[in-house]
Structure formats: structure tokens, C-alpha cells
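Undergrad: Produce the entire structure from the sequences given, and follow the hints as far as they go.
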Amino acid sequence: MTLLHDLEHVVIRRIAVSEMDNNVYLLTAKATGAQLLIDAADDMSAIERMLREARRDSPEPTRLSLIITTHRHADHTRALAELAAATGALTAAGSEDADAIEDATGTGIDIRLDHGDAAELDGLSLTAIPLRGHTPGSIALAYGDPAGPTHLFTGDSLFPGGVGNTQGDPERFASLLGDVTERLFAVYDDATLVHPGHGLGTTLGAERPHLEEWRARGW
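Counting from 0, one number per residue, gives the positions in the sequence shown under numbering that gives the first Met the number 0.
In short, the hints are calculated from the structure, not lab data. No residue lacks a Cβ here, since even glycine has one placed at the ideal position from N, Cα and C. Take the hints with a grain of salt, since some may be wrong.
To be verified - Taking CB as the label site, the calculated pair distances span:
#1 60 / 180: 21 to 29 Å
#2 98 / 207: 33 to 41 Å
#3 167 / 55: 41 to 49 Å
TA: Shown next, in the form of C-alpha cells:
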């Protein structure tokens, strides 16, 4: 269990679960206690422990209000149904992956996110950024900290060292690299923090010099 950032208005926590080292992120609005969880990947008991730990992150009673899934793959949704049922939280995902998530988990997706849509809670707002290629409906989520750099939660679309897996498909790779280039690197500055779906984070500044290397190698 990791306290990643204690920001002016929001606390960001992360745990890694499953044999695939999936990251589960929890954002708590300090002023209201409203919480948003990104990728209920696996291990309900570990998620519950993180929710208990996060009670200290606001002077107000904390409550999980929204669960956002970055993409349809099963290793990012294993605890979704159980967590949504236990907490009553609303669910959200990219529009193009929502049906597949519903079919796989038996959990309805309440909010379907398209480019630029805001996922808003009381005291917390994230912007959805579709990054098409790893899956058709993969999304990143941007939190603009008013007192510091932007935080990007990129699912399996951007990691330290490259974009997500596109199974050797040149069209999917071109789509993903194009979206990452145009919607992330062309919009956000080098200080922007990247929180991926697996493993450790990075910054856009650390990755920007390698964009053409990625394009040349094709993955």
C-alpha cells in the first residue's frame, strides 16, 4: 500500500495487486471525503484495506462514489462487480469498451466517457482522454492539480519506455502512438506525472525524447 501524493486538494493512493502487478489508484477529495477509484483490478480485501487507510485523508467521512475502468481487459476488472455491489459506487469507462466490460463482469457501466468528458465528484474532477489502440475504448484520466503538475492515469496505453501492447498490429500501434502523441505529449508539459496500469510511474519529460525511437521500432 503506497501513499503516492498528498496534494493541496486531493490525496492519491496506489496498491499493486494480482500476479500481473496491476495498479489500483484511489483519489480522495480532502474537503469533502468523496473518492474515485481507478481500475478495480483484483483483490477485494486489499482494496478494502486501502479504503480504510484513506479514511485519514479527509476530515470528512470518506465514501467511494465512482469506479473508473481504463479499459476492457480482465486483469483490470476482476474486482469491479464485487466493489460496485459492496459500495454502491457508480461505474464509468470509455464508451467503446463499456459494452465489453458489462458483458464480462455483469456490472452495468453508468457513465460512458468520450474525449474531454469530465468525471466529477464533490471536490474532484478528472478529464477522460481516449487513447485508441491497446483496446478500442482505452482511456487515460487527467487530474489537473492547481498547485502542481498534472497527473495522468494511463492504464495500459503509456508506460516508462513505450506505449501499450498492440499485438504487433501496425494499425493499432499507429493509432495508439498517434493518440498518445497528440493527446498527451502535445498537450501536457514535461513535469506531467504518468501513473500507468502496471509497475512504476514516469513523467512525460522522461519519455518525450524517445517518441521517434518508439515509432521506428513499431512497438
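Undergrad: All hints, please: hold or fail.
TA: Status of each hint after checking the structure:
no., hint, result
1, 60 / 180: 21 to 29 Å, "violated, 42 Å"
2, 98 / 207: 33 to 41 Å, "holds, 35 Å"
3, 167 / 55: 41 to 49 Å, "holds, 46 Å"
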